[in-house]
Amino acid sequence: MYAESAAIPARQPVLPPGLPITATLLWMGALLASAAPWFGELDPGALLAAFWTFDAGDYSSVLAHYSWAPRVSIAILIGCGLGLAGAVTQQILGNPLASPTTLGVEAGGQFGVTVGTMFFPGLLAFSPDLVAVAGGLMAIGLVIALTWRLGFSPVTVILAGLVVTFFLGAVNMAFLLLKGEWLGNLFIWGAGSLVQNNWHPFMELWPRVLALAVLMLLLMRPLRVLQLGQTSASSLGAKVGMIRLLTLLLVVLMTATVVSRVGVVAFVGLAAPVLARLLGARTLGARLLWSSLLGGGLLLLADTLAHWASTWGDGSLVPTGTTTALIGGPIILVALQGFKNTHHMPGQDASPAGFLPKRRPVMLVGSVAITLLLVTTVISMSWSPGLEGWSWTAFSQWHEAWVWRGPRLLAAILAGVALGLAGTLIQRMTGNAMASPEMLGISGGAAVVMVLIVLSGADIGRAGQLGGATLGAAAALGLLILLARKHHFAGNQLLLGGLALYVFMDAGLRLVMASGGTVASQLLNWMYGSTWLVSENEALGLLALILLISATLLLVVRPLTILPLGETSASALGLPVTKMRLVLLLLAALLTASATVVIGPLSFVGLIAPHLARVLGQQTVGRQLIVAALAGGLLLGIADYLSRIVVYPNQLPAGLLAALVGGVYFLWGLSRHGRA
Amino acid sequence: MSAFFDVSNLSVHIGGMAILRNMNLGFREGEVTALLGHNGSGKSTLLKVLARQLAPSSGNVHLLGKCFNHTGAREFARNVGYLPQHPPGTDGLTVRELVALGRYPWRGPLGRYNEDDHRRIDHAIEDTGLCQFRHRSVDTLSGGERQRAWIAMLLAQQTRCLLLDEPISALDVKHQVETLRLVHHLAEDRALTVIVVLHDVDLAARFCDRLVALKEGQLVADGSPREIMDTGILESIYGVPMGVMERAPGQWVSYVH
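Sequence lines, in order, name chains S and V. Take the first sequence: its letter number 35 is residue 35 in the UniProt record's numbering, and every next letter is one higher. Take the second sequence: its letter number 71 is residue 71 in the UniProt record's numbering, and every next letter is one higher.
Bound conformation, chain V alone (with noise of 0.2 Å):
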């Protein structure tokens, strides 16, 4: 598989504090990625710069070999959808004019909407499993279908690469495992690129096919769930005693001493 992301020596520095320094990483196509660490290790701002909503202070990122600073707006948002940590409010948009919106960039601001974009549309709505929402107000949806709603836009975007950034952080537990468990299978579906923020390393190691994790703006570790899900490396990510067990294969158990 290709490299979609290729980070090289990448930095962010703000207001004269390092957050991220000298980062090297590739992000394979067709995998889902789990970015972990604690409170303020950068891992926000990696996004936040895959996303193009920061500049690097230093450094480069390839989107698919080419450096991505010379993608034009839509095209670079054809290709990377991105889903910030809290979605604003949406003044009154149904569901289904919100997910509409994903089809911007395809279209531009004259484009007509063909039935190809009309059915993309309704596919993400259903795949999102908001079908009896569609034309309800985006506002008076609970947490979890409120954040459905917006990955169903992402979706609609028909980007080849989705970019999440702490998705699942203002849910109850069953909406962080349904939601978890609809990016999953869509990334399987579709063939996405998932890159995805989370807190929760169980969760984390039980979706994703890859976790990396950040310590005060450098890489710490890397790999597969088997290889991360180790009381030395979680230690060493956290910063507290950990220990971790196997209760079945590919599920694991982290706690706290």
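Bound conformation, chain S alone (with noise of 0.2 Å):
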């Protein structure tokens, strides 16, 4: 039999072409982008000399000296070395979507930066890189420890990163939202900024990124080994669980000491690597070689592109964050049509051990329920703190607060209730504990019309901005359609899918976040699901709204449980499965649309009330359904209500509360996942 095998012609692999000709092209590209608007005053030969010395008595070779030069040096390194660091995870995870970014290791090292600010500002003023690595430290081991016991595939280890991220974006929003005078300038540099003046913060950077970099090139072999997967490379001798304890220390290291000085800038070390990937660098020491090459342009590119649209822009700073994540998106994209075979990822052959609580019967855990939701009603109507202290307001005077509290609470608890369901069919069809509106991006979507409306400055009112909201999520879900038809709406593909859309939201973000002023707070406040806005008309409507989709939805109730017996049992069963993916993927966003209106794109109740429900004892899809929405609408209720009283007379963003409630809830029921 071997005989056959003896026909094939044995040639050496070669470098396929494209690799070298993009990365020669990109950093051609790149370099005469960056280098376009000095023509004009420096002949080539000067501006190349910028890079060591300047002419005192010209004013523009003075100021390429200090601040284009090293402008496009420290794009070149951190871009280098943030692809040298995603190569470098990607190969100890065996994750072909693994990256600092994605891990959550920069929302870590920014979370890191802007507590070391609060509270220990001394510490911050010695040496930045410690708060940051601390912070990078702590996200990454959240992540690892999370999705170890899941089996570590690709999906749910970014699907944590991601959630790690949100959350810890979340208490640093907290933070700005509480004490946004100290933290004003912290918008920016969270942006990611490139912005030099002088040549000091390379200096600095340059002999650190270069250990690094020669540390991990140190661990070529064992890295090496590990490709053959965890068993085959223990049997070579190799101590798994030491080199990706080390490795990953350097990764964290390298992305905490770029984070400190430069911010997020993100998807980097995701983009790179992928790239090198795709265009055919097929060994380890090929990808990490062109990872970090063609990280360097990248963030060139990505940096010119910043400093163009802040040019030409009204002269508000276009942080480079928002650019690389630009960038970034149709990149993931390009990778998701790529990795044909996800099915066959290292690592998800461990298939996650089962999470089995015990059943109980779904009307003692439904009326119980219920019944805490109208105490919730109850409190949050009658007992609230006003100026002369606690006081309670009887039923009879119910019509009298009503329109100070009813409306605000009725659309809190309907948005929980939508949330509920539409995190149900979405972890139902995509067959992932992990997935939820906000992870598929559809509430993404609905953000970024947001974000456009208001940077545009049109002044549309609510109703209009409603619209433009459930537009944008029909815009989302359209695109994850398109992406996902091919993969006849394969649970992965949607996921990655919203990963990317998720991307684009991002950049927005950074984008208002760095422009800073009444429209970073007035959009904040949305974002982060601020109730006091909502009228009474529209939590009426909203009522109507759910209604009628819950009703629709006793049509799903068997689909739905035959679907994640996978495409093809589901089909041997006679189901159409095509068909019905696009009506649950359709009722799924019109239940996310109608929420993020009200809450905000991102609180974690989509994630979270399908999990409760799960940990509750329904195991059964119409259970589940039924007490995910009730724990949806309860966990909204109280949000709202607390976001009134805690720091009364002051409001907070209520959203914002059942994300950080949610996000702690969630992390540590994860943990538990595992070991149950």
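Note that these hints are calculated values from the structure, not bench results. None of these values were measured; they are calculated from a predicted model. Glycine included, C-beta positions come from ideal geometry on N, C-alpha and C. Check before you lean on any hint, since a few could be wrong.
Chain V side only, calculated, beta carbon under 7 Å to chain S, not exhaustive [as the list claims (entries may be wrong)]:
(1) A3
(2) G15
(3) M17
(4) A18
(5) Q53
(6) R74
(7) P88
(8) Y104
(9) P105
(10) Y113
Each computed EDC-like pair below joins lysine to aspartate or glutamate, with the alpha-carbon atoms no more than 20 Å apart [stated by the list, open to error]:
(11) S:K358 <-> V:E97
(12) S:K579 <-> S:E567
(13) V:K215 <-> V:D139
(14) S:K358 <-> V:E75
(15) S:K579 <-> V:E75
Taking the hints as your guide, dock the two standalone chains into a single complex.
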């Protein structure tokens, strides 16, 4: 039988020509674009010389030496460093979508610096790296602890990373809203700005990046062994756990060093290795080399774009983090089409151990939830702080309090119900316990439209915003459908498509935050779910919509039970799989859009409510839907009440509270998840 | 007996590779047929085409005399049940809930389950010997039990035909024999047409009425176990020198030289 294989000519696989060509084009393009505005003032030779000297008599030359040249150098340096870190991360986790961004390291670093600025300014002055590294380690530790027992499959890791990123982002935001005056310039810094005014940061950064890069390259051989998978690697004598730990530490150090100096430069660490791999870098050595090179080129290009946008725009600063996210999104999409057989990604073979809490009767759990919901309603309507301490509003006076407390409470509960239902639908149809409307980018689509409306300065009122957000959600959904149609709406592709949408939303957010001012705070309030904006008519309209959709849901309970058995089994049972997925997707999008308008795109309710229903022993679809809806309503009802009273007479956005509480619950639940 | 499946001029190309080439074959009703062949010979592909999981590049399949593309999804599922090679995780479903899903082709998304449905579900569980596991989660069962739970789901589906893709490849000898014996019994009791992809030619000869062998996408042998269990034919199927002994009537042992 070996005779056949000998017939294949033994030829050394060669480096595909696309790789060096693309890298060269990228570099040439980025350098030329970056230098273009200077050609009018300096000749190319003088421009080149700006990297080491300047002519004190020529203002342009001074400017080039102290502003342009260090900016270009630092972009290339950071790009190379992040590209290398990304490639190494992908190698150790055997996960083609792992990167410092998707693992939450950058968000962690940012969180560390925010906390440092607020509570330990002395420490920050001593060394910004320290707090950033601590934050980054915390984030990646969380992600790894969360996913280790869940089989560490690529999509799960990315989702856990996103949850951690969201969560840390929400905490950051809570600080900003409460102590905004302290952290104003963290806005810009957090969005990643490479603006330089001398060579000092570069001089400080390059030895560190170089040292870390050398250390990573020293670990190349053990990393190569890891490619064989954990079992084979350890049977070859590699201490897999040790290597992973050591390398991850290096990655965190590299990322945190960068983040602490220039802020979050998202997605370079993901885009560069993915691009290298797509272009055919096959061996580890080639991947590391080309990832670094492509990373440098990519970031230089992104930075140039940001610079141009700042110059041509109204003068407000466009941070580089925005443009990298804009470049990162499409690359994830390309990668999505490129990794055809995601089912054979390493790490996905180990299926997670089943998570099976004891079943409980739905009547019991449901009635407890309804009772709690009623109690919340009564307390929220009746018991509130006033100028002279706490007061109780009797039932007979509710009609007077209604206009202040009623619509927002009703809307919050309904949004929770909608998110609970949407989350259950999405988790069931993707067969992934970490999926949710927030993760699928449907909420993000609505948010992007809102950002655009605010940026354009148009005042179209609440109704217009509502319509716009619904349109955005529908557009996001349409895009998802287009993307996922090729894969028959299969779970993983859907989630990754959502990830790409999230990236776009992220870019918009960063842009607005960097522009600062009233626009930013107005948008932030909406983003984090300010229920006080809801009018009575809107709340009642929402009620009608949710009731209508709930009736439709009765039709899909049985197909939804069958879908997780896989496309093959489902169609073997006579289910029109593609059509059914489309219907479910539409329902989920409608639910999400209606909730997003009220509570903003960033609550965790769609993720948590279905999970909570499971923990409460509701394993079948119908029961999970009911209990998830009730749990979602309860969560946001309580969040709305708390948001009114915690910082009375001020208000916190309810969605932010829900995200904070929900995030903690989710992280805790997930870590239990594996142990159960 | 009439032909249950009638395959005519069937070809399947995937990515420019011909997996099946111009195949003509009929499957009679009530017969247990094993599909044999080495890896990549196209047997799983043939099974997928029969299960309508894969569209043929050219050619046609008739189910009970009707071109099978014209059958509705649920109607098809009432006639043909398919067990994939690697059944997916079941996400917390109990055995009974899994088996109950087999009634979907009959009841659709909204139809109520009546007495008859529940009887058939229980019957399927009894037939596969899973009574004591009926309220256990499928994920917690052993490999052999899980396989039986899926077969029970196919039984509850009340089809006239079962298509099984390597149902025993992940099982030990005891469970292999038990599963095949179960399939054999069920086929007799319920007059089912069974087409099963198998690697073990001895077990196939022991439990099946007919053996069909593929090689490089073409039919190389087709006949009763007695006809196929022959040194020359086995060598032509697997491409290695082999021998065959008949230990007792209907029990063959093949071996490699």
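*CA of S:K358 to CA of V:E75, is that 20 Å or under?*
Status violated; Cα separation ~37 Å.
*Given the hint that S:K579 pairs with V:E75, test it: the Cα-Cα distance must not exceed 20 Å.*
17 Å, holds
*Hey, does the V:M17 contact hint survive, CB to chain S under 7 Å?*
Violated - the Cβ of V:M17 stays beyond 7 Å from chain S, reaching only about 15 Å at its closest.
_Checking hints one by one. Is V:R74 an interface residue toward chain S, by the C-beta closer than 7 Å rule?_
3 Å, holds
*Quick one, are S:K579 and S:E567 close enough, alpha carbons at most 20 Å?*
Between S:K579 and S:E567 the Cα gap is close to 12 Å, so the pair holds against 20 Å.
_chain S contact restraint on V:Q53 - CB to CB distance below 7 Å_ = Result: holds, 6 Å to nearest chain S Cβ.
*Taking only the CA atoms, is the gap from V:K215 to V:D139 under or equal to 20 Å?*
36 Å, violated
_Interface hint for V:A3, Cβ within 7 Å of any Cβ on chain S_ = 21 Å, violated
*Measuring from the C-beta of V:P88 to each C-beta in chain S, is the shortest one below 7 Å?*
4 Å, holds
*For the hint on V:G15, does the least C-beta distance to chain S fall short of 7 Å?*
11 Å, violated
*Under 7 Å, Cβ to Cβ, is where V:Y113 needs to be relative to chain S, so tell me if that hint holds or is violated.*
10 Å, violated
*Supplied contact hint for V:P105, tested at 7 Å Cβ to chain S*: 4 Å, holds
In this structure, the hints that do not hold are numbers 1, 2, 3, 4, 10, 13 and 14, in rising order.
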